[in-house]
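J.: Chain A is fixed; fit chains B and C onto it per the hints.
Protein chains in written order, with the numbering used here: chain A, 497 to 610; chain B, 56 to 301; chain C, 961 to 1226.
Don't read these hints as lab results, they were simulated from the structure. All of these numbers come straight from a predicted model, not from anything done at the bench. Hints may be right or wrong, so weigh each one.
Stated by the list, open to error - The calculated EDC-like cross-link candidates involving lysine to aspartate or glutamate, where the alpha carbons are at most 20 angstroms apart (straight line), are:
| id | chain 1 | residue 1 | chain 2 | residue 2 |
| --- | --- | --- | --- | --- |
| 1 | C | Lys-999 | B | Asp-112 |
| 2 | B | Lys-109 | C | Glu-984 |
| 3 | A | Lys-498 | A | Glu-523 |
| 4 | C | Lys-1001 | B | Glu-110 |
| 5 | B | Lys-197 | A | Glu-523 |
| 6 | C | Lys-1000 | B | Asp-112 |
| 7 | A | Lys-565 | B | Glu-152 |
| 8 | B | Lys-109 | C | Asp-1094 |
| 9 | B | Lys-111 | C | Asp-1094 |
| 10 | B | Lys-119 | A | Asp-547 |
| 11 | B | Lys-144 | C | Asp-1094 |
| 12 | C | Lys-1000 | B | Asp-148 |
| 13 | C | Lys-1001 | B | Glu-115 |
| 14 | B | Lys-144 | A | Glu-523 |
| 15 | B | Lys-226 | A | Asp-517 |
| 16 | A | Lys-588 | B | Glu-163 |
| 17 | B | Lys-119 | A | Asp-550 |
| 18 | B | Lys-197 | A | Asp-550 |
| 19 | B | Lys-111 | C | Glu-984 |
| 20 | C | Lys-999 | B | Glu-163 |
| 21 | A | Lys-527 | B | Glu-152 |
| 22 | C | Lys-999 | B | Asp-148 |
| 23 | B | Lys-197 | A | Glu-585 |
| 24 | B | Lys-144 | C | Glu-1006 |
| 25 | C | Lys-999 | B | Glu-115 |
| 26 | C | Lys-1000 | B | Glu-145 |
| 27 | B | Lys-197 | A | Glu-515 |
| 28 | B | Lys-226 | A | Asp-547 |
| 29 | B | Lys-183 | C | Glu-984 |
| 30 | C | Lys-1001 | B | Asp-112 |
| 31 | A | Lys-563 | A | Glu-515 |
| 32 | B | Lys-119 | A | Asp-517 |
| 33 | A | Lys-563 | B | Glu-152 |
| 34 | B | Lys-144 | A | Asp-547 |
Unchecked claim - Here are a few chain A residues that sit away from chain B, every Cβ distance over 12 angstroms (derived from the structure):
| id | residue |
| --- | --- |
| 35 | Asn-503 |
| 36 | Asp-506 |
| 37 | Lys-534 |
| 38 | Asp-550 |
All residues carry an ideal CB built from backbone N, CA and C; glycine is no exception.
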Amino acid sequence: MKIQSSNQGDIQVLELSGELDYHSSPELREKLTELTAKQAPKILVNLGGVDYMDSSGIATFVEAFQKAKRYQGRLILAALTSTVRGVFEIAKLDSIFEITATVAEAVECLGAKT
Amino acid sequence: MLDGINVTLPRGKITVIMGGSGCGKTTLLRHLIALHQPTSGEILVDGKNIVGLKEKDMNEVRRKFGMLFQGSALFNSMTVGENVAVPLKEHTDLSPEIIRIIVRVKLELVGLTGFEDFMPHQISGGMKKRVALARAIALDPKIVFYDEPGAGLDPITASMIDRLILDLSKKLNITSVVVSHEMKSAFRIADKIIILHKGKVLQVGTADEIKNSKDSYVQQFIHGESEGVIPFKQTSEAYLKGLLST
Amino acid sequence: MKEFAGNIGQGLLFVLAGVARLWELGAAVAGYTISAFFKKKVIPREVLFRQMVLIGIDSTAIVSLVGASVGTVLALQAAYSLKTFGAIMYTGSLVCVAMARELGPLIASIVISGRIGARMAAEIGTMMVQEEVDALTTMGINPIRYLVVPRVLALALMLPCLAVIVDVMGMIGGWAIGTTGLGINSSLYIAKSIDALVLKDIYTGLLKSFIFSILIALVSCHQGLSVSGGADAVGKATTQAVVISIVLIIVVDCLATAVIYYALPT
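Okay, chain A solo, but in the shape it has when bound (with noise of 0.2 angstroms):
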C-alpha cells in the first residue's frame, strides 16, 4: 500500500492506494496518530485506490475518529469504492462517518480556506 500525504489549505490529505489489510495498516496508524497528535482540524483521506479494506483498516480510523474527535477535528473519508464501502456498511460504521462520494465533495464539505 502506498500513502500519499498533501496539504490543500488547512486540508491534511492522505491519498491511499493499494490494499488495506493488517500487513499495511499500522503504516496508515502511524500517519493519523502523527496527524491527530498535532490536532491537525481537518483530515481527508482519499480512498479512491483502495481495492480492498479489511476490519484493521476500519479499526484504523474509528481509533482516528475518536481521536479527532476528542478535539472537535474532523476526520472525513472520500471516494470509497463499493468493496470498501461495503466493509464499513457491514461493521454499521457508514453512518457514524462522514463519507463523501468524491474528493472535491469532500474539500467543500470541509470548507477550504486557501
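T.: Positioned in the frame of chain A, the structure of chains B and C alone reads:
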C-alpha cells in the same frame, strides 16, 4: 465413509451441504479444512491441492479460512473478547488498541456489543455460537465454513445467523460452506445445494432444482416425512434374527 | 508360557511406544522453545503467565504445609535412630541434607503432579473433547506451541522455586520440633545444619526438580492430547497423568541419585 465425492464450491457463493444424520456431512467438512486427510483424492483451494501439505504451508492456507464449530469450541479459560482476539494476536502485529476495536466491531456484527468481559460459561448457547462466529471472521477470511450454524438455536437467532451469512457473502464476497440439515434455512440462503446420502453425492443443484427434484429420497428429506423410500417401520432382518434366534 | 511371553512383549512394546510419543512431544516443545529466541510470538505470553501464577503462587500454601510436615516427621524419625548413638544433635544436619538433596524436589514434584499435572491433563483433555484444539488447528495455531509449550515452561520455571520452598519449610519444621520437642539447643541445631549443607546439595536438588517438572508437564499434556471421546476419557487421562508422572518421577529420581552419588563425589 466418504466415497467418490466430486464437488465444486463456487467462489463468493453460499453452498449448503445437506443430508441426514451420519451421512458424512461433518466428515466432508473436516476434510475440507484439513482436520482429516483423505486416503485418496485431491482438495483444491484456489487451484492448489491441500492434501499432504506441510504444516507451515497448510497454516498459510488456513489463514484464508474461518470455521464455526457445531459446539462453538470457545476457549473456556478466556473471556469473550479474548476469544475473538486470539487469531488477531497470533497472526498479526496489530497493536492492542486496534485489536480491541476490531473485537468490538466483530461482536457488534453478531449482536453482542458489551459482552467482551463475560466468560463463555456465563452466556447462553446461542450467544456462544455468535461469539464463535465473531471469532471465525476475526481475520476477515475468504472462506467461512459453518458446521450446523442453526443447531440448538431459537428460530429468531437462527435466522439472524442466516442473515449474517448472507450479508458476509454478498457484501464481502466471502465464500460460504454451510453444513446443515435444516431445509428452511438452506432454501433461504443457498446458491447451491449438495445433498449427501450414505457418503455419496445424491444431488447437486440450486434451491429450486432441489425443491423440484424427482428423487424420492430428496423429496422425503425436504418435506421431513417419516414415511417414504426410507420407511420408519423398517424391520431389519438382523433385528428379527437377533430376537428370534435366542 | 508362550502367552505369558507374548503378554510381556506386548507390554514392553506399549511402554516403548509411549516413551517414543513422549520423546516426540518433548522434541517438538524443545524445538519451539529454541525458536522462541529467534522469532517473535512463538510462546503465547498470557497463557504462560496464567500458568505460572496457577502453579507458583496458588500452590505455595499447600507445598509449604506438606514441606513443614515432612521436615517435622523426618526430624522425629532421625532423632529416634540417632539417640541410640547419642548423636541427637546431628538431627539438624540430617534433616537439612535430606530435604535439600532429596525430599524437597521429590515432595514438591509429587504434590504438583497431583495438583497441576491432573489439571493440565483434564484441561487439555476437555479442550480436545469440545473441539477447542481443532479450533486452534483450523486457526493455523499449532496446539503444541499454544498449549503445551507454555505449560512445560511455566512448570520448569516454577517447580524448582517450589522445591526451594519445601526445602526451607522442611528445615524450619525440623528446627521447630528439634528445639521444642527434642530439646536440642537452637544455635547448635542451626550451626550443625549449616556445617552439613554444601552447595552441591542444593544445586543437585534444583536440577532434579527441573527434570521432574519437564516429566510432569510432558506426561500430563500428552495424556490430555490423547483424549478422544467424552467425559470418561478425560477422567482416565487425568488418572493416568498422575500415576505415570509419579512412577516416572520416582524411577528417574532413583537413577539421578545414583548418578549423582557415583559421578559427582564430594
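J.: For the pair supplied as a hint, Lys-999(C) and Asp-112(B), is the alpha-carbon distance within the 20 angstroms limit?
T.: holds, 18 angstroms
J.: Lys-534(A) clear of chain B by more than 12 angstroms, beta carbon to beta carbon?
T.: holds, 19 angstroms
J.: Check whether the Cα positions of Lys-119(B) and Asp-550(A) lie no farther apart than 20 angstroms.
T.: Satisfied, since the Cα-Cα distance of roughly 13 angstroms is no more than 20 angstroms.
J.: Hinted pair, alpha-carbon criterion (20 angstroms max): Lys-1001(C), Glu-115(B). Please report holds or violated.
T.: holds, 16 angstroms
J.: Between the alpha carbons of Lys-197(B) and Asp-550(A), is the straight-line distance 20 angstroms or under?
T.: Holds. Lys-197(B) to Asp-550(A) sits at ~11 angstroms (cutoff 20 angstroms).
J.: If you draw a straight line from the CA of Lys-527(A) to the CA of Glu-152(B), is it 20 angstroms or shorter?
T.: Holds. Lys-527(A) to Glu-152(B) sits at ~16 angstroms (cutoff 20 angstroms).
J.: Taking only the CA atoms, is the gap from Lys-226(B) to Asp-547(A) under or equal to 20 angstroms?
T.: holds, 14 angstroms
J.: Holds or violated: are the alpha carbons of Lys-1000(C) and Glu-145(B) at most 20 angstroms from each other?
T.: Between Lys-1000(C) and Glu-145(B) the Cα gap is close to 10 angstroms, so the pair holds against 20 angstroms.
J.: Are the Cα atoms of Lys-197(B) and Glu-523(A) separated by 20 angstroms or less?
T.: Not OK: Lys-197(B) and Glu-523(A) at ~23 angstroms, beyond 20 angstroms, violated.
J.: Checking one constraint from the list: CA of Lys-109(B) to CA of Glu-984(C), max 20 angstroms. Satisfied?
T.: Between Lys-109(B) and Glu-984(C) the Cα gap is close to 17 angstroms, so the pair holds against 20 angstroms.
J.: Taking only the CA atoms, is the gap from Lys-197(B) to Glu-515(A) under or equal to 20 angstroms?
T.: Given that 20 angstroms is the threshold and the Cα spacing comes to 15 angstroms, the pair holds.
J.: Under the criterion that the straight-line Cα-Cα distance not exceed 20 angstroms, is the pair Lys-1000(C), Asp-112(B) satisfied?
T.: holds, 19 angstroms
Of the numbered hints stated above, those contradicted by the structure are hints 5, 20, 29, 31, 34, 38, listed in ascending order.
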